[in-house]
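Here the sequence shown is numbered in full-length UniProt numbering, starting from 1 and rising by one per residue.
Simulated from the structure, these hints should not be mistaken for lab results. Some hints here could point you the wrong way.
With a straight-line Cα cutoff of 27 Å, these simulated DSS-like cross-link-like pairs (lysine-lysine) come out [what the hints assert, rightly or not]:
id : residue 1 : residue 2
1  : 95        : 10
2  : 69        : 10
3  : 153       : 95
Pairwise CB distance ranges (calculated) [said to hold, decoys possible]:
id : residue 1 : residue 2 : range
4  : 112       : 149       : 17 to 27 Å
5  : 125       : 74        : 33 to 43 Å
6  : 61        : 155       : 18 to 28 Å
These numbers come from a predicted model, not from an experiment. Don't be surprised by glycine CBs; every beta carbon is placed ideally from N, CA and C.
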Amino acid sequence: METYRCPWCKGDPVYEAYHDTEWGVPLRDDYKLFEFLILETFQAGLSWITVLRKRDHFRKVFDQFDFEKVARYDEARMEALRNDPGIIRNRLKIKAAVTNAQAFIRVRESYGSFSAYLWDFIGGKPIVNQVSNYKEAPATTPLSDALSKDLKKKGFSFVGSTVVYAFMQATGMVNDHETQCFRYEEV
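Using the sequences and the hints given, assemble the complete structure.
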């Protein structure tokens, strides 16, 4: 009998591997959290599979998502990124990656880690939803609204509530695997 997985990823090996090993796994590592934050901001208005297929190249050209390095990118570096066909070449999103790296560092300085800041928003443990059909999962929640507003107040950009909720799902702050999915209980 075939293992049941959330239908949104079926049919694409890259998507299935992401679903089976990463999506919804609680992350507390600041470097991985920064990677997901940046990738989610680049995803805004596009499909996640588009970002996943470019992920390895994003890692290469964004210094493995080292926020200390990204925070220091100058105009010449951003221009080189704008000319790189291996990533999403949106000028505003590239600038936001640099701005968000700078804001990320400030949050780390204030809270000890970005992870501590994030997980404090939900009391330190994942929110486990009861999603029977992924199409019924929310795109935003009052919590993602609040986190989005707070991130913007802290200087982040491209962090609207929809982007923030997708980030929360990806990093395991929220478990939105379908209840019948084999990953639901695992994460």
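Hint check results:
Between residue 95 and residue 10, the direct Cα distance comes to roughly 33 Å. Violation of the 27 Å bound is thereby established for this hinted pair. The straight-line distance between the Cα atoms of residue 69 and residue 10 is roughly 36 Å, outside the 27 Å bound, and the hint therefore fails. Distance check on the hinted pair: residue 153 and residue 95 sit about 17 Å apart at the alpha-carbon level, within 27 Å; holds. A hinted range of 17 to 27 Å for the beta carbons of residue 112 and residue 149 is consistent with their spacing of about 22 Å.
Distance hint for residue 125 and residue 74: a CB-CB separation of about 40 Å, consistent with the stated range 33 to 43 Å. Distance hint for residue 61 and residue 155: a CB-CB separation of about 23 Å, consistent with the stated range 18 to 28 Å.
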